[in-house]
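Asks: With chain A fixed as given, assemble chain B onto it according to the hints.
Protein chains: 2
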Amino acid sequence: MLKLYGYWRSSAAYRVRIACALKGLEYENISVNLINNGGEQHLPAYGVLNPNHLVPTLQDGDLILNQSLAIIEYLDEAYPDRPLLPDEPTARAKVRAMAHNIAIDCHPLNNLRVLKYLTVELGVDDGQKARWYRHWVKTAFAGFELQLEQTSGLFCVGDVVSMADVCLVPQVYNAERFNVPMQEYPLLNGIVRRCRQMTSFAEAAPENQPDAVV
Amino acid sequence: MLKLYGYWRSSAAYRVRIACALKGLEYENISVNLINNGGEQHLPAYGVLNPNHLVPTLQDGDLILNQSLAIIEYLDEAYPDRPLLPDEPTARAKVRAMAHNIAIDCHPLNNLRVLKYLTVELGVDDGQKARWYRHWVKTAFAGFELQLEQTSGLFCVGDVVSMADVCLVPQVYNAERFNVPMQEYPLLNGIVRRCRQMTSFAEAAPENQPDAVV
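Residue numbers (full-length UniProt numbering), protein chains in the order written: chain A, 1 to 214; chain B, 1 to 214.
The hints are simulated quantities; they were obtained by calculation from the structure and are not laboratory data. Treat the hints with caution; some may be incorrect.
Chain copies aren't distinguished; within one or between two, either way the pair holds.
What the hints assert, rightly or not - As a list, the in silico DSS-like pairs of lysine-lysine whose alpha-carbon atoms are at most 27 Å apart:
(1) Lys138 x Lys116
(2) Lys129 x Lys116
(3) Lys3 x Lys23
Because the structure is a prediction, the values reported are computed rather than measured.
Isolated chain A, as found in the complex:
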């Protein structure tokens, strides 16, 4: 069985959980607590699996794989039922670009280790940290909303759920945690609403994970 090392609130792990749920793939969910004991991702035993000391990590037989989007693309190729990328090259490209708009241009700036660096190393106060967080989300979502005018139907790219939606929903979860104003993104909000009505997205949500603290 697939093993997924993740954490309930990690939005990168959340992406992989959604992907597995959409594809009907069962997995053993192994919690790596990013907070307790200074962060279990820093333990040497976890470093053997993931030298970057980040979540998620997927284990599939002999394959040990890090990076959420590499994991999702792998699952889509190795288990092709219920694809998360369309067949046609330009549509595939659009899905990847929209996924990367979130996973590359937005999320890496706002994850736990970066916020910690701002506080500990740069002495940034809570107000500045919140502004930093909102700035990068708003910048990304503003561009995303404009691109949705070209690409979206019921979901980010056309009318079929894809890897782009898989990235968007966890980022919106994060944005809501940090009180980012969301009213300027009507297309984005509509898509997230539709996704959240799907069982697969609900099952994968942070609050529904065994290691959730709510």
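Replies: Same frame as chain A, but now just chain B:
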């Protein structure tokens, strides 16, 4: 003909240039000067092509595509000669994970707009900014070097040049610009040396672009 909107020093554009050179794809190189006039990427006309106001953007007939890795994967699917990803799913996964280790975990933290935010909005001084830069590169390269022990041959994944090498070389170019100490990464350095001996990597290098200021 393909049109590539980029900038000589943008490492995301540099990736796409290397990919095109390796695949033997000709393109029209359109410079978007990220420095002059407050940054030409912010011009409304460019925003029509790329609502994120970042480089690169690829135009291929009717397709307008942003995100360097989405562009490279598109080129590899639409122009399959001289592939940048292997055929076998686990090897493909490793290439993507190694590419994302650079493109997701390292580069977004250190690009121009982020360094500008640190200075202008957070009042970070030059010494702190240099430490920030080096911290994220060193963190990424340390994990990368450990992963290379498992994945590398002559190049990042086995003995064939791939999208992982295409991401690594521009990141090393950046690291050298910011005087990141490099002696702790012997496998990484060996791969970069081999890449730089290839004509395709040399042709794509920043200093060899028409808009270079050296």
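Asks: Are the CA atoms of Lys129 and Lys116 at most 27 Å apart within a copy, between copies, both, or neither?
Replies: Classified as both: same-chain Cα gap 10 Å, cross-chain 16 Å, threshold 27 Å.
Asks: Treating 27 Å as the Cα threshold, decide for Lys138 and Lys116: within, between, both or neither.
Replies: both (21 Å within a copy, 17 Å between copies)
Asks: For the identical chains here, do Lys3 and Lys23 meet the 27 Å Cα criterion within one copy, between copies, both, or neither?
Replies: The answer is within: 15 Å in one copy meets 27 Å, while 36 Å across copies does not.
In this structure, none of the earlier numbered hints is contradicted; all agree with it.
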